[in-house]
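J.: Below, each chain spelled out in residue letters.
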Amino acid sequence: MNVHAPAPGVRTTCPYCGVGCGVVATPDGLGGAAIAGDASHPANAGRLCSKGSALGETLGLETRLLHPMIEGKRASWAAALDHVADGFKRVIDRHGPDAVAFYLSGQLLTEDYYVANKLMKGFIGSANVDTNSRLCMASSVAGHRLAFGSDTVPGCYEDLDEADLLVLVGSNAAWCHPVLYQRMVRAREKRGARIVSIDVRGTATTQTADLALTIRPGMDGVLFCGLLVHLADSQGVDRAFVGAHTENFDAALSQARLIAPDIATAAGKCGVDTGAIAEFFDLWLRIERVVTLYSQGVNQSWQGVDKVAAIVNCHLASGRIGQIGAGPFSLTGQPNAMGGREVGGLANQLAAHMGFSPGDINRVGRFWGAPRMARTEGLKAVPMFEAIARGDIKALWVIGTNPAVSLPRADDARAALSRLDLLVVSDNVRSTDTIEAGAHVLLPAAAWGEKDGTVTNSERRISRQRAFLPLAGEAKPDWWAASEVAKRMGFGEAFDYSGPADIFREHAALSGFENDGARSFDIGALAELSDAAYDALAPLQWPAPLGAPHGRARLFGDGRFFTPFRRARFAAIEEPALAVAPTVEFPFLLNTGRVRDQWHTMTRTGLSPRLAGHAPDPFVEVNPADARRLDLVDGGFARVATAYGSAVLRVAVTEAQVPGRIFAPIHWSDATAGPARIGALVHGFTDSVSGQPDSKAVPARLASVSYAAHGFILARNTLRLPGDSAWAWSAIEGGYAARIATNESYAALVEALGENLRPAEQARYNDPRRGTFRAAWIVAGRLETILFLGPEGEIPPWSGLSESWGLERLDAAARRFLLAGRSASANFDASPTICACFGVKSRAILMAIADGANSSDAIGARLKAGTNCGSCLPEVKRMIAMAATPVEV
Amino acid sequence: MSETLIVVGNGMAATRFVDELTQRAPSRYSVVVIGDEPRLSYNRVLLSSLLADEIDESAIELKGQDWWSARGATTLTGQAVTSIDREGGRLTLANGARLSYSKLVLATGSAPIRLPKPGMNLPGVLTFRDLADVEAMRAMMAPGARAAVIGGGLLGIEAAYGLAKAGVKVTLIHLMDQLMERQLDARAGALLKRAIEAKGVDVVLGADAAAVVGEERARAVALSDGRLIDADFVVCAVGIRPRAQLAKDAGLAVNRGIVVDDGLASSDPDIFALGECAEHRGNVYGLVEPAYEQAKILAHRLAGDLAASYLGSTLATNLKVSGVNVFSAGQFIENESNDCLMLEDEGAGIYKKLVLREGRLAGAVLFGDAADGLWYLDLIRSGADVSHMRDLLAFGPALALAQAA
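From first to last, the protein sequence lines are chains A and B.
Numbering of the first sequence is given in my numbering, commencing with residue 112 and proceeding in unit increments.
Numbering of the second sequence is given in my numbering, commencing with residue 168 and proceeding in unit increments.
These are calculated hints, taken from the structure and not from any lab test.
Since this is a predicted model, take the numbers as computed values, not measurements.
Keep in mind that the hints are not guaranteed to be accurate.
[To be verified] Quick list of simulated restraints, FRET-style, between CB atoms:
| id | chain 1 | residue 1 | chain 2 | residue 2 | range |
| --- | --- | --- | --- | --- | --- |
| 1 | B | ARG305 | A | ALA969 | 30 to 36 Å |
| 2 | A | ARG750 | B | GLY550 | 43 to 49 Å |
| 3 | B | GLN412 | A | ALA972 | 37 to 43 Å |
| 4 | A | SER856 | B | GLY550 | 30 to 36 Å |
| 5 | A | ALA969 | B | ASP416 | 30 to 36 Å |
| 6 | A | VAL890 | B | GLN412 | 58 to 64 Å |
Idealized CB from N, CA, C, for every residue including glycine.
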């Protein structure tokens, strides 16, 4: 087989958030690539955020799963696929199709998603396909379908350039969608747009906003009901649009009046000053071009669909939808959550924006030639894992996600995984908490840079994610693995794909199949793409039905929606409330979210030293008054506990938190830290319509925790640390660093580290009275692991060792000062001692000789060397003689 | 006319003393130096290097004949002094000659101890003290020969190392369960054992040499537990004893060594002693540094500075043993009233232990890297509080002082 070096500068798409930035990757021929923003991509016009810019640092293979494994042992693909297919067949034969499930990811490409969804819903005959998008944007999907009759984002990114008012709700876009946020900031500079941020805490976004409303958790709906009332009472309603293109306005408005009859009531419920609310309402009323962007603060709520609806209500009422610079805008968290939605990869969708009506089932069944169509909705993520825990689901295939970390009640989810008869995990890393929960089969998946297919971003733009690296080891695309399992289950004909283009054509054809404009998602124009045209596909916004191949920036400006009567539907929402109010036992409300430079469970961003510096340790933000009351100190530790689980986190004391509220990021897992799995703390309440978990307001308690010893570890690879310790790995050049606080003994830690090591030389420094213990393991002159432990606040920073850590071979000086936590000392003369009696080193003697001391007596007079026992005099004389020998040229 | 000052002994202490004295009082005394070795003084410390063939014989000479002449000192080599007539102020030499003295300095050094066990005087049983011993060993150290060295102190180790280097199959027999137990702690002793074994020496610890076995010459060393260590020759390096018989016969006060006061005077105010033969405040030193300090003090005294006093030495062992730097000083064994810092790098062959008491450095053992030994010795001697630099103390002055500054 010929191996072609990929052409320089492959255009692809970033694998992180839903902005979907174009990336130009230039392989270096050594397995890495230079990364740059793609100036021609409409999503980012060449810009990248910190995470995207660091993609080149995340291409290493050291953590990759490179071959299939069965029960912990390396296996061939053939054996692994047989095992998976046989296992699924056995469970289906014995317990029926609903005893199996797939749990997918917004990281999958559309093609991967399509094949997995088709296998489960058309051929296995169950709709038990759900995805981590359930945790991310299910409420937006449901809100869209409720209001528009289809899961359609009305606007596009250009609206952010064209708007005069940008309202961010429950979105820290400055960190989570940085490229878009910077676009908004430029719109502010360019045309004086105002930025309003509505959140329950202070963030980088609220800090830069023109107006920030810090509302009570869960009260977003109150605010937008109040806005709807205000619009109605201030001639802000577009009566013509409402009359011609919508329904249920009156019911929605009267319910809104019950919830927020006036500004004072709204302000009271939201816990915000009336003036600020009035200012916001007034801006919204006056400014025609308004985009309301929302993200997890809205979606991750047991009333998430209502929150979406409350926002959409205001845009419908004012007719500000599908217009240039106006509309509601859901910011997606994941690179291809949108693609998954288009495919139908959620348990309550069938395929291509079709549901479980008899007509849809029939249509999709005919299109697929499917023998065994799923007839009803499957189990959404949270109930799916409950079914696993009950034993109703016995075989699960997890692809590209880490539910043991990310699901609410993650401890229960992890325990459920361990009960499965068959747990198959497709991933590109060897170890995740999900894998460690008891995976029976591991399938090595293609990673970003190797994957080839399409993704859809938040503005409905389909972009190619192209391969620029060869598949690592025996890794394979997920669509291939799913197709191969399908073939082994006897469905070969329907899964005989030649490649991603082939799958995409089928997906596009299904979207246009018997559509006639009834379904918003229609890319029928792409159903006949040649492989070459697919390869070259330029970013394109759907819909692109047959005859309109160039896509469409905005929908609904014409007032035509996808409900049966083509009218948008206002929603009358429930009275906003918390899922569970704080109690005496759990008096705080725990909010969860992301940090700027990490992504999900850090399996990729965790590899980048550049990204590690921003927030190296899991933390909890606490208001100073709460901190004082609970004796929490900034940089110390707190145990955060809910009714479901607990974590020990570094305390960050900050005014950004309102008293009574705390915030903790979600990224850390047992693979990277301990104990800091925030998912374990989140309760399992979900939105009754969308099934999305309520992750932003969980009653919690906080208590100060102290540890006997503190310190750090540097290691070449991460490992799990024992027992009663708080620790977190972060990438550094050439390895990982962990700050650690522990009640474990030094010996226990040494044992844990030692188990992980090849035979190594050990260097130690102990001062037992001080409680100081330090050790370094050295292999062939290179540092392999370092452990420093000691009293709190008296550990030298590991950064003092970074120079030595980088050495391929420690020199004598570096080695001498290693356990002092220094790379070397400028004052130290590492040359050998010649005169032991007076500690005179060869460098000093050579300098004296060069300076004219030409006899041993002269050296003795100057340096005292040789004047005591005299045993060095022969050597001193040799040095003088050698210095006197002319160098032959 | 100058007074006659006779130095008995022509070792390192004597040479340094003459050097110091003739610098301070060049013409005050007519100096005569009498040595029983058949050559001018040499650096005994280098005998190990000579045995190990790291230097040649010319390198060990301390001062040449020209130097002695220039200093106005008369040297008599190969001449043993047999008696002192204190009344008459005269010495008698082995050849019968008599010399008068005004001042007499005894620098007779020490003699190697032979164990009082059967067979120790057989041919093929050597000691390791002077050049003649080195020459005797050299005559027998053919590659493949077998040697037993008795004594795991510094000299025994050096002898074993030098012999092994020449290809001799050496077994080092030591009574204690640790090498150099007076200078090193158990860990450093163990490291030293490993280092010596790496040089090809078999080390047998806890071994009591009961006898040397052989008919006409040494054939093996018998241990008290019945083991037999075959050897073509035996080196007995179990220690040294001050050579004080001459002084004792003359009626001078002698305990282990010749008893001297802080002015290095013996019980006879005209007779002085220094170096390994002298006993000062109950201490007999076996190292060169105190001897040199004593030489300096005595030179001051005899040059007329009667205030010069020797107050004793805080001893440090600071040596290169078999190519490994070793240092120890002070109270270096940890106990309940002190605490210790330990730094060890197996791969680099480095071990350091610092013992602290009440915030002050009480003792130190350094193995493999002794570069900071003298700094520790100063800290031990000064009794300075080191609490402020405790965390960096083990890493030496380059860090600790930079930090404290």
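J.: All hints are to be evaluated individually against the structure, with a verdict given for each.
T.: Here is how each hint holds up against the structure:
For B:ARG305 and A:ALA969, the Cβ-Cβ distance of about 33 Å falls inside the hinted range of 30 to 36 Å, so the restraint holds. In this structure the hint that A:ARG750 and B:GLY550 lie 43 to 49 Å apart at CB holds, the actual value being about 47 Å. About 39 Å separates the C-beta atoms of B:GLN412 and A:ALA972, a value consistent with the hinted range of 37 to 43 Å. For the pair A:SER856 and B:GLY550, the supplied restraint of 30 to 36 Å holds, since their beta-carbon distance comes to about 35 Å.
One distance hint, 30 to 36 Å for the beta-carbon pair A:ALA969 and B:ASP416, is violated here, with the actual separation near 44 Å. Hint check: A:VAL890 to B:GLN412, Cβ distance near 60 Å, so the stated range 58 to 64 Å holds.
The structure fails to meet hint 5 from the earlier list, while all remaining hints are met.
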